[in-house]
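Novice: Spelled out, the chains give:
Protein chains: 2
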Amino acid sequence: MRKRRLLTPGPTMLPDAAFRAMGTPFPHHRTEEFRSAMREVLGLLKEFHQTSWPIVPLTASGSGGLETAVINLLSPGEKAVAVRGGKFGERWGEICDAWGIECTPVDVEWGQSVDPAAVEKALGETPGAKVLFVTHSETSTGALHDVEALSRIAQKHGVLFVVDAITSILIHDLPVESWKVDVVVTGSQKAFMVPPGMAFLSVSPRALEAARRSKSPRYYFNLPLAVDALAKDDTPWTTAISLVLALRESLGVIRDGGGVAGSIRRHARAAAAVRGAMQAMGLRLLPERPSNALTACYAPSGIDTGVLVKRLDSDFGVRFAGGQGSLKGKIFRFGHMGYFDDLDLIGAVHALERTLEALGHKGTRGAGLRAIQDALWEGGER
Amino acid sequence: MRKRRLLTPGPTMLPDAAFRAMGTPFPHHRTEEFRSAMREVLGLLKEFHQTSWPIVPLTASGSGGLETAVINLLSPGEKAVAVRGGKFGERWGEICDAWGIECTPVDVEWGQSVDPAAVEKALGETPGAKVLFVTHSETSTGALHDVEALSRIAQKHGVLFVVDAITSILIHDLPVESWKVDVVVTGSQKAFMVPPGMAFLSVSPRALEAARRSKSPRYYFNLPLAVDALAKDDTPWTTAISLVLALRESLGVIRDGGGVAGSIRRHARAAAAVRGAMQAMGLRLLPERPSNALTACYAPSGIDTGVLVKRLDSDFGVRFAGGQGSLKGKIFRFGHMGYFDDLDLIGAVHALERTLEALGHKGTRGAGLRAIQDALWEGGER
Chain F
2 MRKRRLLTPG PTMLPDAAFR AMGTPFPHHR TEEFRSAMRE VLGLLKEFHQ
52 TSWPIVPLTA SGSGGLETAV INLLSPGEKA VAVRGGKFGE RWGEICDAWG
102 IECTPVDVEW GQSVDPAAVE KALGETPGAK VLFVTHSETS TGALHDVEAL
152 SRIAQKHGVL FVVDAITSIL IHDLPVESWK VDVVVTGSQK AFMVPPGMAF
202 LSVSPRALEA ARRSKSPRYY FNLPLAVDAL AKDDTPWTTA ISLVLALRES
252 LGVIRDGGGV AGSIRRHARA AAAVRGAMQA MGLRLLPERP SNALTACYAP
302 SGIDTGVLVK RLDSDFGVRF AGGQGSLKGK IFRFGHMGYF DDLDLIGAVH
352 ALERTLEALG HKGTRGAGLR AIQDALWEGG ER
Chain V
2 MRKRRLLTPG PTMLPDAAFR AMGTPFPHHR TEEFRSAMRE VLGLLKEFHQ
52 TSWPIVPLTA SGSGGLETAV INLLSPGEKA VAVRGGKFGE RWGEICDAWG
102 IECTPVDVEW GQSVDPAAVE KALGETPGAK VLFVTHSETS TGALHDVEAL
152 SRIAQKHGVL FVVDAITSIL IHDLPVESWK VDVVVTGSQK AFMVPPGMAF
202 LSVSPRALEA ARRSKSPRYY FNLPLAVDAL AKDDTPWTTA ISLVLALRES
252 LGVIRDGGGV AGSIRRHARA AAAVRGAMQA MGLRLLPERP SNALTACYAP
302 SGIDTGVLVK RLDSDFGVRF AGGQGSLKGK IFRFGHMGYF DDLDLIGAVH
352 ALERTLEALG HKGTRGAGLR AIQDALWEGG ER
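Taken in order, these protein sequences are the chains called F and V.
End of the first sequence = 383 in the numbering used here, gap-free, step of one.
End of the second sequence = 383 in the numbering used here, gap-free, step of one.
There's no promise every hint is true.
Because identical chains share one entry, a pair is satisfied inside a single copy or across any pair of copies.
[To be verified] Capping the alpha-carbon separation at 27 Å, the derived lysine-lysine pairs in BS3-like fashion look like this:
{"#": "1", "residue 1": "K122", "residue 2": "K311"}
{"#": "2", "residue 1": "K80", "residue 2": "K131"}
{"#": "3", "residue 1": "K122", "residue 2": "K80"}
{"#": "4", "residue 1": "K331", "residue 2": "K233"}
{"#": "5", "residue 1": "K311", "residue 2": "K233"}
{"#": "6", "residue 1": "K233", "residue 2": "K88"}
{"#": "7", "residue 1": "K311", "residue 2": "K131"}
{"#": "8", "residue 1": "K216", "residue 2": "K131"}
{"#": "9", "residue 1": "K47", "residue 2": "K80"}
{"#": "10", "residue 1": "K216", "residue 2": "K80"}
{"#": "11", "residue 1": "K329", "residue 2": "K233"}
{"#": "12", "residue 1": "K122", "residue 2": "K88"}
{"#": "13", "residue 1": "K157", "residue 2": "K329"}
{"#": "14", "residue 1": "K216", "residue 2": "K329"}
These are calculated hints, taken from the structure and not from any lab test.
Input sequences plus hints: build the corresponding full structure.
Specialist: So, in structure tokens, the structure goes:
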């Protein structure tokens, strides 16, 4: 009777209606029945991206979405600047390297948030840079970068601005159009609450123009082709039908729960409560300016978080994520995004306290639990 | 009480167990629980591809799989030859064009199967050609190409041989390793009986070597990276978890139904019965050498197959596909692959007879139905 509670920084748990949608016979994708589902999904996605610009659905995981952004805005030999403060920040440079695009990194210590002045300096020192890339919520460290400030810098320098919002959309405010973010990349398996398999890109008119001019060879990840197909409620390639039908349900749950504002409030409240509980247990948070998608904590000394994560799962069915790269074994990441409720969080804190004690971290029994109860009790409307 | 019967050339209907797998909470993808599911799926896929070579799972639709084959085997400026006898045959050339790869087409009238001698001639006239591409079952016309004969020609000319087997795997014999097919591309939503969203590539040692040398820029569609990850039961990018779990069920159904041989026999029997029924109704088949995945028929003169397909769906819930490209409005395509049974086929023939009569094709009431009953009655073991 151990139940599964997926509290990783993605994939997240799903509303029952999303599971039901995937568990039911589906229509062919070239039918009005399916097109109407796709229209509804893309309409809600525009609302949640706070934009009237087209949103392109891709059948690919988030990394495919990031590559699509890079190669449609840049041609081999061109220049870009990217904030690099974690595994996902590094990805921009890796993609650019693979494509012969010159990407200047703005290095940030893992866990820290970028100083906008450093980005300004890098852009100043990279004449001809065409695009600025940033990861809004850096999932490997739990740090949040200041997209609004970076957006002003990008505008000042006249470069295109691209944001990986895979774990920030619906969790932190990201008014795509008013902040003039040219491309925002999001993914299905985070706050959108469906399984992995789809990425989404919002495309500004400027970005679309650049994509039409890009000389990067591409067939499947062709943004202009996809934008043109949207006019007929279509996709150039067969889409992941079952994920689209699940999305219609999950996005409907978000709309009914207060849309963008409701979702941001809910995640902020949960994140504050979890952070407080971790500190009450004597744990140290990694990020200085944390994302509300996840809480990244150092384990007490002597405890390997790889062991902790496995044991939490095997003993309690609670799944966190461990650390990546140089943080492997050192941090754990407690995801609180998508389909979770207060009781899931409280239960997970109990499981964490008990598992940490079993691994040698004594003397804080109940401290985290009391803290999270108090925070959620007094934390106002869910 | 109109039930949905999806009889298109993909996506197909799904076994109940596949729907149940997708309708159930799932594990994180970086867990032993998920890795063991992936191992089982890849093991069955190797068995069904009749090879010991690695099979790379991609989160993408079939077209992404085709592009992966092209760009990993060829660099811009290199040469290839491709059989072009339908919409999917054309795709090889389109992908090569997008990548600056010189692709010589071997043109085949839509509906015809390629003459191996024409391919031999094209290879002889294209010195330096590195790859031969062919679509095994050309889904836009229902024609089958002779992969075994082409394989011998490819070997003779020392070129890599790539087969789009998206609608032929498990339907026609394709012993990948003994026929020395360097890359076979397949997709989730055909005979594998899960929704669209994944493509698979079997990779020969020669193909892997070529992929390591290819200068085509790529990040997401990087075959060597994916093959290296397989050694750790892993994928470089987050995979479509729910589709993998559904695949485990669907592929298990195929294994329990006699594996490759059982599946090929079942599709051959159904295809023969459907073709006979169409001819008994006075309809003309398009392909000379038909694929057993689908039956492509001309409509009686004066009937637009776009109208026919819509009406079959609205009146009976039976979904066929219409024609593509120059065959739009002229042909319909009756898919018989994946999860269907004799009673689905018989019911669909009734629905087709009735709809054709309503649209003006009189005088054959019952002819198709009697023919398919007789064929399935006498057609031996299912």
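Novice: It remains to establish, for every hint, whether it holds in the given structure.
Specialist: Hint check results:
no.: 1; hint: K122 to K311; verdict: neither (43 Å within a copy, 60 Å between copies)
no.: 2; hint: K80 to K131; verdict: within (6 Å within a copy, 33 Å between copies)
no.: 3; hint: K122 to K80; verdict: within (15 Å within a copy, 45 Å between copies)
no.: 4; hint: K331 to K233; verdict: between (50 Å within a copy, 22 Å between copies)
no.: 5; hint: K311 to K233; verdict: between (47 Å within a copy, 18 Å between copies)
no.: 6; hint: K233 to K88; verdict: between (37 Å within a copy, 20 Å between copies)
no.: 7; hint: K311 to K131; verdict: neither (44 Å within a copy, 48 Å between copies)
no.: 8; hint: K216 to K131; verdict: both (14 Å within a copy, 24 Å between copies)
no.: 9; hint: K47 to K80; verdict: neither (30 Å within a copy, 43 Å between copies)
no.: 10; hint: K216 to K80; verdict: both (14 Å within a copy, 20 Å between copies)
no.: 11; hint: K329 to K233; verdict: between (46 Å within a copy, 17 Å between copies)
no.: 12; hint: K122 to K88; verdict: within (23 Å within a copy, 51 Å between copies)
no.: 13; hint: K157 to K329; verdict: neither (38 Å within a copy, 51 Å between copies)
no.: 14; hint: K216 to K329; verdict: neither (39 Å within a copy, 33 Å between copies)
When each numbered hint is compared with the structure, violations occur for hints 1, 7, 9, 13 and 14.
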